[in-house]
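> Chains A, B and C, in that order, give the protein sequences. For reference, each letter of the first sequence is one residue, going 172 to 506 in the numbering used here. For reference, each letter of the second sequence is one residue, going 180 to 477 in the numbering used here. For reference, each letter of the third sequence is one residue, going 17 to 345 in the numbering used here.
No lab work stands behind these hints: they were computed from the structure. Idealized CB from N, CA, C, for every residue including glycine. One or more of the hints may lead you astray.
[Unchecked claim] Label-pair ranges, simulated between beta-carbon atoms: (1) B:Asn205 x A:Thr357: 32 to 42 Å; (2) B:Val214 x C:Gln47: 50 to 60 Å; (3) B:Leu221 x A:Lys458: 40 to 50 Å; (4) B:Ile359 x C:Asp160: 45 to 55 Å; (5) C:Gly166 x B:Gly314: 27 to 37 Å; (6) A:Asn419 x C:Lys42: 42 to 52 Å.
[To be verified] Derived lysine-lysine pairs resembling BS3-like cross-links, with alpha carbons at most 27 Å apart: (7) C:Lys289 x A:Lys441; (8) A:Lys442 x C:Lys324; (9) C:Lys137 x A:Lys442; (10) C:Lys288 x A:Lys438; (11) C:Lys133 x B:Lys376; (12) A:Lys438 x C:Lys116; (13) A:Lys320 x A:Lys248; (14) B:Lys376 x C:Lys288; (15) A:Lys296 x A:Lys320; (16) C:Lys289 x A:Lys320; (17) C:Lys308 x C:Lys288; (18) C:Lys137 x C:Lys99; (19) A:Lys442 x A:Lys458; (20) A:Lys442 x C:Lys133; (21) C:Lys289 x B:Lys376; (22) C:Lys151 x B:Lys376; (23) C:Lys288 x A:Lys376; (24) A:Lys376 x C:Lys155; (25) C:Lys164 x A:Lys430; (26) B:Lys376 x C:Lys99; (27) C:Lys151 x C:Lys64; (28) C:Lys116 x C:Lys99; (29) C:Lys308 x B:Lys376; (30) C:Lys99 x A:Lys430; (31) A:Lys441 x A:Lys472; (32) A:Lys441 x C:Lys308; (33) A:Lys441 x C:Lys288; (34) C:Lys288 x C:Lys49; (35) C:Lys164 x A:Lys441; (36) A:Lys430 x C:Lys151; (37) A:Lys441 x C:Lys49; (38) A:Lys442 x C:Lys42; (39) C:Lys61 x A:Lys442; (40) A:Lys305 x A:Lys376.
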Amino acid sequence: MIHVPLLEVKNLRTTFSTELGQVTAVDGVSFQVDSGETVGLVGESGCGKSVTSLSILRLFRKHSGTRLTGEIFFEQKELLQSSMEELQEIRGNRISMIFQDPMSSLNPVYTVGNQIAESLMLHQKLSKKAAQEKTIEMLTLVGIPSPDKRVNDYPHQLSGGMRQRVMIAMGLCCQPKLLIADEPTTALDVTIQAQILDLMLDLQKQLQMGILLITHDLGVVAEVCDRVLVMYLGQIVEEASVETLFENPKHPYTIGLMKSIPTIDGKRGKKLHVIEGIVPSLHQIPKGCRFAPRCPLADEKCRQHPPDLFEIARLHQVRCWHHERIGVGGVAFGG
Amino acid sequence: METSSVTIATSQPVAPSRHHVRVAMNRFFANRLAVSGSILVLFITLICVLAPLLTSYDPLEMKVQDRLKPPSTSHWFGTDEFGRDVFTRVVYGSRISMGVGFSVVVITSIVGLLFGLYSAYYRRLDNFLMRINDGLMAFPAILLAIAILAALGPKMSNVIIALSVVYIPTVARAIRSVAITVREQTYIEAIHALGGKSWRVIWLHIAPNCLSPLIVQATFIFAYAVITEASLSFLGAGTPPPEPSWGNILNDGRTIMKQAWWMTVFPGLSIMITVLGLNLLGDGLRDLLDPHTNRAKK
Amino acid sequence: MRLGAKEKTAVPLLQVSNLVKHFPIKRGYFQEKAYVKAVSNFSLKIYKGETYGLVGESGCGKSTTGRMILRLLAPTSGSVQYKGQDITHFSDEELRNARKEMQIIFQDPYSALNPRKQIGKAIAEPMSIFNLGEKRQHKQLVLDLLRKVGLQPEHYDRYPHEFSGGQRQRIVLARALAVNPAFIVCDEPVSALDVSIQSQILNLLQQLQEDFQLTYLFIAHDLSVVRHISDRVGVMYLGHLVEEAPTDALFSEPLHPYTRALLSAVPEPNPKKRKERIVLSSEVPSPIDLPKGCVFHPRCPQAIATCKEVVPVLQEMGTGHRVACHLVS
Chain A
172 MIHVPLLEVK
182 NLRTTFSTEL
192 GQVTAVDGVS
202 FQVDSGETVG
212 LVGESGCGKS
222 VTSLSILRLF
232 RKHSGTRLTG
242 EIFFEQKELL
252 QSSMEELQEI
262 RGNRISMIFQ
272 DPMSSLNPVY
282 TVGNQIAESL
292 MLHQKLSKKA
302 AQEKTIEMLT
312 LVGIPSPDKR
322 VNDYPHQLSG
332 GMRQRVMIAM
342 GLCCQPKLLI
352 ADEPTTALDV
362 TIQAQILDLM
372 LDLQKQLQMG
382 ILLITHDLGV
392 VAEVCDRVLV
402 MYLGQIVEEA
412 SVETLFENPK
422 HPYTIGLMKS
432 IPTIDGKRGK
442 KLHVIEGIVP
452 SLHQIPKGCR
462 FAPRCPLADE
472 KCRQHPPDLF
482 EIARLHQVRC
492 WHHERIGVGG
502 VAFGG
Chain B
180 METSSVTIAT
190 SQPVAPSRHH
200 VRVAMNRFFA
210 NRLAVSGSIL
220 VLFITLICVL
230 APLLTSYDPL
240 EMKVQDRLKP
250 PSTSHWFGTD
260 EFGRDVFTRV
270 VYGSRISMGV
280 GFSVVVITSI
290 VGLLFGLYSA
300 YYRRLDNFLM
310 RINDGLMAFP
320 AILLAIAILA
330 ALGPKMSNVI
340 IALSVVYIPT
350 VARAIRSVAI
360 TVREQTYIEA
370 IHALGGKSWR
380 VIWLHIAPNC
390 LSPLIVQATF
400 IFAYAVITEA
410 SLSFLGAGTP
420 PPEPSWGNIL
430 NDGRTIMKQA
440 WWMTVFPGLS
450 IMITVLGLNL
460 LGDGLRDLLD
470 PHTNRAKK
Chain C
17 MRLGAKEKTA
27 VPLLQVSNLV
37 KHFPIKRGYF
47 QEKAYVKAVS
57 NFSLKIYKGE
67 TYGLVGESGC
77 GKSTTGRMIL
87 RLLAPTSGSV
97 QYKGQDITHF
107 SDEELRNARK
117 EMQIIFQDPY
127 SALNPRKQIG
137 KAIAEPMSIF
147 NLGEKRQHKQ
157 LVLDLLRKVG
167 LQPEHYDRYP
177 HEFSGGQRQR
187 IVLARALAVN
197 PAFIVCDEPV
207 SALDVSIQSQ
217 ILNLLQQLQE
227 DFQLTYLFIA
237 HDLSVVRHIS
247 DRVGVMYLGH
257 LVEEAPTDAL
267 FSEPLHPYTR
277 ALLSAVPEPN
287 PKKRKERIVL
297 SSEVPSPIDL
307 PKGCVFHPRC
317 PQAIATCKEV
327 VPVLQEMGTG
337 HRVACHLVS
């Protein structure tokens with residue numbers, strides 16, 4: 172039997188019309204997520220990682236001038252062509268999403284119990300009583316103390332970590348096949364972040380979900396992901412298993428990112444490595460390789476011709492003309 | 180979930196400023212409310228300024244032989260019961276209406292800004308000023324204006340004073356609420372940390388950030404002032420006759436509406452066009468200047 | 017500047033003693049008054065030329081402390097001495113003058129600049145506040161500052177919205193440097209920035225420290241950043257300083273159970289080292305009703321009976337290594 176991934180994104184392009192003209196926030200992104208697998212989508216702000224996740228569920232306002240092309244298969248069903256009703260059936264049920272800011276994603280005028288139960292009644296067609304029982308069960312599962320009392324709390328009565336747990340309970344109550352988590356721990360403290368990440372991995376094992384984890388934190392990626400996609404200016408620049416990526420990064424951007432973060436152990440150097448310049452605006456995308464203006468290895472070819480994704484090993488792809496010059500661990504990399 | 184929107188334009192670094200001028204111009208001309216409103220207001224303003232060039236009659240000159248003539252080529256809007264040319268009186272009346280409106284806007288803006296800024300900045304003062312505000316706002320605008328005019332006597336300058344007193348609380352309250360949000364911004368704390376004195380914080384940092392809402396508010400106050408001035412004059416408490424004001428022309432025509440419809444229709448239309456223009460402009464400016472409604476519209 | 021024997025001999029540039037901040041909570045007329053106990057009995061010494069890192073999770077009172085040190089907030093009690101002068105009771109005018117020496121940069125570079133002010137004017141503002149030099153020279157001074165923080169002269173008349181987060185943080189730095197300060201409170205200066213920009217700003221901060229002989233109080237929640245930049249580090253929990261040590265000592269031998277849990281929770285960018293975390297039970301208690309005894313005892317994996325009753329005091333455990341815990345002796 173041929174292996175069919177849980178989620179397959181093929182050549183996704185997302186275009187917005189803004190007052191300064193059209194911008195392509197996601198440009199030709201392709202990747203897969205399997206059941207039980209955690210895929211990290213890493214990049215800095217403006218790289219298109221959140222837009223990618225919103226595109227999967229088409230969570231854009233109507234008439235916002237957003238155009239999506241490409242194909243997205245979820246359990247062999249094409250999502251970009253399906254109707255809003257079909258999509259509604261999948262959202263929150265088969266695919267769940269957790270956002271960075273749990274306060275603005277919860278409705279302040281309903282109790283958290285109500286909000287979880289609503290989703291259960293809608294998607295799982297449970298009775299009110301059954302939904303309530305299931306809600307308390309979910310709150311217990313995500314580790315909220317005295318869930319039978321907390322179920323009647325309003326979002327503002329909970330702490331940030333508790334709210335994020337509620338969001339996860341809400342995301343998981345219908346036992347989705349795929350969880351898209353958009354910076355789920357960025358707003359949280361490290362000790363709470365550790366709890367939430369542990370919880371997500373734990374639940375993943377129990378439910379065999381695929382997780383698409385969107386983050387800018389390489390530490391989080393290293394701790395929880397199986398495979399990683401690195402994005403820069405709307406494109407995937409490197410894709411590899413987490414071990415390969417951290418041991419043998421091939422794209423100058425990935426290498427730059429890794430060298431520029433201070434670590435908790437090892438030597439304390441005087442100066443940090445720096446990626447020069449700033450991320451260009453989507454209105455001013457460089458002509459050749461998008462990273463060329465900030466890349467220490469860039470030459471004329473890079474500035475003129477955009478590189479393709481080269482498959483340099485099994486499951487290791489990199490978008491760089493000079494990938495062969497970069498040795499193991501990025502050591503041949505200047506600086 | 181449906182509402183998670185993506186604001187690409189704002190999240191992008193460094194776009195040169197000429198883009199923003201162009202974007203602002205484009206946005207203004209794309210906003211039909213603002214454009215049609217400003218055309219109407221411009222039209223009325225031109226009439227005010229050019230009044231003597233538009234008519235050869237004197238607004239006060241009576242000609243008994245021309246009493247209550249219907250509109251014709253020599254008297255476009257007809258004549259009133261004293262034989263005065265209604266067109267001329269409406270044109271000159273615009274000077275009173277717009278003049279009162281404009282003066283009220285200037286006074287309420289300055290005093291309202293002052294009150295709003297200081298009560299936002301000093302919490303003690305806030306309690307005091309805002310209670311006065313509440314007191315004034317408890318009265319219906321027109322009743323308060325009549326009461327003030329009854330005390331001061333009907334005179335154009337007194338009309339301006341009365342209307343200013345009536346509308347200052349509205350402006351002060353609007354400015355205060357904006358100033359309070361601005362006051363909490365980090366850049367205000369930064370100026371404190373840099374050793375900036377209160378006047379600097381209030382006038383160089385908070386005030387400029389209150390200007391957009393002030394402009395919007397001023398446009399609406401202009402419209403209210405025009406209507407209230409007309410109502411006061413209509414009731415005989417405002418601009419005293421024979422000086423023409425849209426309100427007192429209306430009042431003159433009120434008793435003889437059946438014989439001389441033109442005496443009520445034309446000043447009435449003028450009021451309507453002016454107020455409509457100002458309100459459209461106000462709505463348009465609010466969409467343009469206030470980023471929240473702006474985003475919601477798109 | 018890595019701290020050695022210096023601490024014992026030198027006079028501190030800044031000495032904070034028993035600082036307390038209680039925020040009253042608004043309640044009805046007939047209810048008992050309550051307070052958020054943001055900072056309790058906080059003491060600290062910072063020496064000239066060093067970077068003191070203050071870490072802790074959100075709500076631990078680290079930003080409140082930073083603001084009290086600059087008297088942007090009035091302390092409930094306690095004192096702040098700068099160069100031997102007690103600034104806690106300074107008049108407005110004295111305070112204004114003190115602010116020439118003490119500056120702050122904020123976490124959110126987007127809201128730290130007035131959106132309606134060109135950045136050249138914003139940077140020149142402190143100069144006109146203190147009437148430094150002649151007006152005509154201001155532009156030249158500003159251009160110098162722009163260059164020092166890595167911006168271009170053509171940025172002079174642009175508005176804040178035309179800049180990215182990292183660039184804005186450079187502008188904020190330039191504005192703080194305009195008065196030639198000796199001491200800067202950096203309140204989470206890089207936590208709103210992207211990873212690649214973070215390192216640029218951290219390097220810039222270190223560069224400026226060398227060039228201008230600055231002393232920093234560096235407030236942050238990111239332990240790896242604090243470790244990189246600080247000479248000494250203090251750890252705060254619920255308004256209390258629980259541990260303080262030279263950076264290397266703190267990160268290699270953390271003594272307080274909270275510090276240990278905090279360090280173990282930091283995710284490391286190394287997939288081979290998926291380490292055992294010390295997962296703390298439950299959440300930080302409310303600062304309105306602080307736990308009795310040691311504030312950390314309800315979450316502490318090693319708490320003993322004494323912890324519930326007696327408040328631990330900071331005790332010296334080695335060169336400059338202090339810890340407030342009953343279990344350490």
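> For Lys430 of chain A and Lys151 of chain C, compute the direct alpha-carbon distance and say whether it is at most 27 Å.
Distance of about 44 Å is beyond 27 Å: violated.
> Between the alpha carbons of Lys288 of chain C and Lys49 of chain C, is the straight-line distance 27 Å or under?
Distance of about 53 Å is beyond 27 Å: violated.
> Checking one constraint from the list: CA of Lys289 of chain C to CA of Lys441 of chain A, max 27 Å. Satisfied?
This hinted pair holds, its Cα atoms lying about 25 Å apart.
> Could you grab the alpha-carbon distance between Lys289 of chain C and Lys376 of chain B and see if it respects the 27 Å cut-off?
Violated. Lys289 of chain C to Lys376 of chain B sits at ~53 Å, over the 27 Å cutoff.
> Could you tell me whether the CB distance from Val214 of chain B to Gln47 of chain C stays inside 50 to 60 Å?
55 Å, holds
> Given the hint that Lys288 of chain C pairs with Lys376 of chain A, test it: the Cα-Cα distance must not exceed 27 Å.
Since the Cα atoms of Lys288 of chain C and Lys376 of chain A sit roughly 20 Å apart, the hinted pair holds (cutoff 27 Å).
> Tell me if the straight-line CA distance from Lys288 of chain C to Lys438 of chain A falls inside 27 Å.
Within the cut-off at roughly 18 Å; holds.
> Does Lys116 of chain C lie within 27 Å of Lys438 of chain A when you go C-alpha to C-alpha?
It is violated: about 36 Å lies between the C-alpha atoms, which goes past 27 Å.
> Taken at face value, is the distance from the CA of Lys324 of chain C to the CA of Lys442 of chain A at most 27 Å?
44 Å, violated
> Given the hinted pair Lys320 of chain A and Lys248 of chain A, is their alpha-carbon gap at most 27 Å?
At roughly 40 Å apart (the allowed maximum being 27 Å), Lys248 of chain A and Lys320 of chain A break the hint.
> Is Lys151 of chain C within 27 Å of Lys64 of chain C, Cα to Cα?
32 Å, violated
> Has the given pair, Lys296 of chain A with Lys320 of chain A, been kept, meaning a C-alpha gap of at most 27 Å?
24 Å, holds
Against the hints set out earlier in the document, violations occur for numbers 4, 5, 6, 8, 9, 12, 13, 14, 16, 17, 18, 19, 20, 21, 24, 27, 29, 30, 31, 32, 34, 36, 37, 38.
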